[in-house]
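Student: Once you have looked at the hints, place chain B on chain A.
Number of protein chains: 2
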Amino acid sequence: MSHANAPSPHHVVIIGCGFGGLEAARALNHPRVRITLVDRSNHHLFQPLLYQVATAGLSAPSIAAPIRHMLRKQRNVTVLMAEVTGIAKDRRQVLLADGQAIAYDSLIVAAGATHSYFGRDDWAEHAPGLKTLGDAFQLRAKLLSAFERAEVTADEAERKALLNFIVIGAGPTGVEMAGTLAEIARHTLRHEFRRIDPGQAQVMLLEGSDRVLQAFKPGLSTKARQQLEGLGVRVETGARVVAIDADGVELEQGGERRRIAARTVVWAAGVAASPLGRQLEVPLDRAGRVIVDGSLNIPGHQEVFVVGDLAAALSHEKDGTTQPVPGVSPGAKQMGRHAARQILARLSGRPALPPFRYLDYGALATIGRKAAVADVGRWQFSGYFAWLFWLFVHIYFLIGFRNRLVVLMDWAWAYWSFQRYARVIAEPAPLQADRA
Amino acid sequence: MSHANAPSPHHVVIIGCGFGGLEAARALNHPRVRITLVDRSNHHLFQPLLYQVATAGLSAPSIAAPIRHMLRKQRNVTVLMAEVTGIAKDRRQVLLADGQAIAYDSLIVAAGATHSYFGRDDWAEHAPGLKTLGDAFQLRAKLLSAFERAEVTADEAERKALLNFIVIGAGPTGVEMAGTLAEIARHTLRHEFRRIDPGQAQVMLLEGSDRVLQAFKPGLSTKARQQLEGLGVRVETGARVVAIDADGVELEQGGERRRIAARTVVWAAGVAASPLGRQLEVPLDRAGRVIVDGSLNIPGHQEVFVVGDLAAALSHEKDGTTQPVPGVSPGAKQMGRHAARQILARLSGRPALPPFRYLDYGALATIGRKAAVADVGRWQFSGYFAWLFWLFVHIYFLIGFRNRLVVLMDWAWAYWSFQRYARVIAEPAPLQADRA
Chain A
1 MSHANAPSPH HVVIIGCGFG GLEAARALNH PRVRITLVDR SNHHLFQPLL
51 YQVATAGLSA PSIAAPIRHM LRKQRNVTVL MAEVTGIAKD RRQVLLADGQ
101 AIAYDSLIVA AGATHSYFGR DDWAEHAPGL KTLGDAFQLR AKLLSAFERA
151 EVTADEAERK ALLNFIVIGA GPTGVEMAGT LAEIARHTLR HEFRRIDPGQ
201 AQVMLLEGSD RVLQAFKPGL STKARQQLEG LGVRVETGAR VVAIDADGVE
251 LEQGGERRRI AARTVVWAAG VAASPLGRQL EVPLDRAGRV IVDGSLNIPG
301 HQEVFVVGDL AAALSHEKDG TTQPVPGVSP GAKQMGRHAA RQILARLSGR
351 PALPPFRYLD YGALATIGRK AAVADVGRWQ FSGYFAWLFW LFVHIYFLIG
401 FRNRLVVLMD WAWAYWSFQR YARVIAEPAP LQADRA
Chain B
437 MSHANAPSPH HVVIIGCGFG GLEAARALNH PRVRITLVDR SNHHLFQPLL
487 YQVATAGLSA PSIAAPIRHM LRKQRNVTVL MAEVTGIAKD RRQVLLADGQ
537 AIAYDSLIVA AGATHSYFGR DDWAEHAPGL KTLGDAFQLR AKLLSAFERA
587 EVTADEAERK ALLNFIVIGA GPTGVEMAGT LAEIARHTLR HEFRRIDPGQ
637 AQVMLLEGSD RVLQAFKPGL STKARQQLEG LGVRVETGAR VVAIDADGVE
687 LEQGGERRRI AARTVVWAAG VAASPLGRQL EVPLDRAGRV IVDGSLNIPG
737 HQEVFVVGDL AAALSHEKDG TTQPVPGVSP GAKQMGRHAA RQILARLSGR
787 PALPPFRYLD YGALATIGRK AAVADVGRWQ FSGYFAWLFW LFVHIYFLIG
837 FRNRLVVLMD WAWAYWSFQR YARVIAEPAP LQADRA
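So the protein lines, in turn, are chains A and B.
Going by my numbering, the letters in the first sequence line up with residues 1 to 436, in that order.
Going by my numbering, the letters in the second sequence line up with residues 437 to 872, in that order.
Here chain A stands alone, though its shape is the one from the complex (with noise of 0.2 Å):
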């Protein structure tokens, strides 16, 4: 059964609206495609600068729109805000948790991935993750109110526990927290407390293997451990965690075990693929990923399209040869985009795209004040040019004009202030019993 040629559009529904989703539904901008997207929040979230929102550093609306505002001049697009709760492919359905089931002609499932405890889940609680806004404010009141309780405490230990800051995983985003978290401390908070001296919290970052931002080249890897230890971060490789709870982190370095204090704890070690990709009931890999074929299909199905971090897709390169696509935003984006065109091409009966190939635009990773790394095809820099490069680069892609303009001046405002504005811990909601 194939409506390509029916009167009524093909109708694609897709499932997320993360970078691979997004990119996917404006290439599907043609009179003979509808398309419903279906996301469980009402926002795209640039997530690249989601730890600036979870340090204070900028505000939400900065880094997240609305979706149906950004797609609101595309008028073959439906946006849902709902929970998707199953995908019944034989029957092309896509149900969602209010008992609704939309019927699909093509799927594009773009569900993403979440953080992965690796099956210790109880560690959640006191390690919290970085992936959506709730998350980042989770965590800016976390790290804000250790500062705030170690001025208050009487109690001598519990103050040097409060100032302990531990980032659990070196790669992108448990480097910039670190960096980020050390430039709190020694810069921004200082002068502002009385009792104690915000400068002697302690930044630690564990990574269990032998080098930070592992994706990198090793002397980058070199560089970017010089810069942190210059901006007061204690970097501990070979750490391996085996234990997080309330009062702390213990860790097993070189055959020895030992315990930290630390109050604060942030998790940016390791993602696992969204649990949607178990709805498809076809082969994982061992992240949970969905193995997709070169044109970005699941096995026997041609109309169901996995992309974006929930898709384990190889690259074809020309000579030939495959390899893995990596887990960032470009990745997603190539393959939406791939997705897209292979329906539209199907659909006007042109021949197949060739199979999908990863355009590989470099990695580059901040990591505080005038410094970050940078990895471009045959370049290899760092230090204060790679920082520039990096906020270019970031601006130029954020979404929308105005946000671009507001994080560029709330940038230049925190360089020359060591400021950072959205110091805010929103208490939650009061508990009726507090409504005198």
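Be a bit skeptical, because a hint or two may be false.
When the alpha-carbon atoms are kept at most 20 Å apart in a straight line, the in silico DMTMM-like pairs for lysine to aspartate or glutamate are as follows [claimed, not checked]: (1) B:LYS596 to A:ASP98; (2) B:LYS578 to B:ASP558; (3) B:LYS578 to A:GLU83; (4) A:LYS142 to B:ASP534; (5) A:LYS73 to B:ASP633; (6) B:LYS509 to A:ASP98; (7) A:LYS73 to B:GLU628; (8) B:LYS578 to B:ASP591; (9) B:LYS509 to A:ASP197.
Here are some chain A residues pointing at chain B (derived, C-beta under 7 Å) [what the hints assert, rightly or not]: (10) ASN42; (11) HIS43; (12) ALA64; (13) PRO66; (14) HIS69; (15) THR78; (16) GLU148; (17) ARG194; (18) ILE196; (19) LEU284; (20) PHE418; (21) ALA422; (22) ILE425.
Hints were generated in silico from the structure; no laboratory data involved.
All values reported here derive from a predicted model rather than from experimental measurement.
Virtual Cβ for every residue (Gly too), placed ideally from N, Cα, C.
Tutor: Structure of chain B alone, referenced to chain A:
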């Protein structure tokens, strides 16, 4: 026992950092004084613009600044983010939730007010009020989600209830909320939905008395009502709310009872003084406010001051009459300053200040785009000019140069684009079970 002549500085504890507490702390910038300022949140909130955060027009950091950052240069202030659980006025101690007791020489209680549901606390769940940033985020999520859910639902009655918005209480906050909600439905969300027409949303403003904006002159109430109706708000006066539940509101009007199905109900009808006032064990007025004398002291305790919304204070006019001080920010500021000057006068042996007199600068309320009413001394005006005046006054009194600039730009952008940039529903942090 007086510490006034002791070599160590006179210790003033201030509870609450709203307009009254902040003004008192600033006025006590004196070498013979040391201040401990206790607040349960980390920020001073510019409450007159809180409804803008709730309606997605401003982000939280634009109207909230960290208290310790605002006071960082005033070296005699220690800021503690902590919950005050008791006041032992005979021992001159303030008790914190963690068990600490803070001794004071003088105490300024500026703990403000909270919502009052007139004994119907079960309404709070269905009709949230607007006092804190947490409240504003909750309300923002609720009203944006109502439109999102209306777009998704397949149930016609449910859709209608989702597009009914009821604001209870037509004081300045209620009028601002209703006007802004109408603007969102008619302008901001236009063209963004495919299944519903947001312009069909019905915004209803319910008021128990016979006119909106009771605190203003009757002519201005009439103007305000006309402007609200021009924006599409249905105004119902003489409407007494008798029940609020998950299905909507039941009201009594002209002897008849009726029920309105609505999923979004906003409470702007009543405030009650902070329960901390009861801790002082002195006479309270009917609204739970502490009755203070012309020095803003409680009976028999010249070292205890109560200022702001928690105080039932009288303004001692030049002609010898007295009248109640209204619960507005200039009143709180003037009281805070008065208490601080009284303390400084006593410390330096100067004669006591004359009894408190409130300087009335007038009243202002905005209704929506280009609509407002102003009652300033002999002048009453409304419409576009009043709106510009409102804009100017609010930007002038905002905290900090940066915020003034940012808010001015946000408003200019909103004016030209009809957009509201902070339309983000920040999902709460996922439950453990959701983290796969």
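Student: Indicate, hint by hint, whether the structure satisfies it.
Tutor: Taking the hints in turn, this is what the structure says about them:
1. B:LYS596 to A:ASP98: holds (17 Å)
2. B:LYS578 to B:ASP558: holds (18 Å)
3. B:LYS578 to A:GLU83: holds (17 Å)
4. A:LYS142 to B:ASP534: holds (18 Å)
5. A:LYS73 to B:ASP633: holds (15 Å)
6. B:LYS509 to A:ASP98: violated (54 Å)
7. A:LYS73 to B:GLU628: Measuring from Cα to Cα gives roughly 8 Å; hence the hint holds.
8. B:LYS578 to B:ASP591: Holds, at roughly 19 Å.
9. B:LYS509 to A:ASP197: holds (15 Å)
10. ASN42: holds (5 Å)
11. HIS43: holds (5 Å)
12. ALA64: Check passed: Cβ of ALA64 of chain A comes within 5 Å of chain B, closer than 7 Å.
13. PRO66: It holds, given that the least Cβ distance between PRO66 of chain A and chain B is near 5 Å, below 7 Å.
14. HIS69: Hint on HIS69 of chain A: holds, closest Cβ of chain B at ~6 Å, below 7 Å.
15. THR78: Interface hint status for THR78 of chain A: holds (4 Å vs cutoff 7 Å).
16. GLU148: It holds, given that the least Cβ distance between GLU148 of chain A and chain B is near 4 Å, below 7 Å.
17. ARG194: It holds, given that the least Cβ distance between ARG194 of chain A and chain B is near 4 Å, below 7 Å.
18. ILE196: violated (11 Å)
19. LEU284: Because about 12 Å separates LEU284 of chain A from the closest Cβ in chain B, which is outside the 7 Å limit, the hint is violated.
20. PHE418: violated (11 Å)
21. ALA422: Where the cut-off is 7 Å and the nearest Cβ of chain B is about 4 Å from ALA422 of chain A, the hint holds.
22. ILE425: Cβ of ILE425 of chain A sits 5 Å from chain B, so the hint holds.
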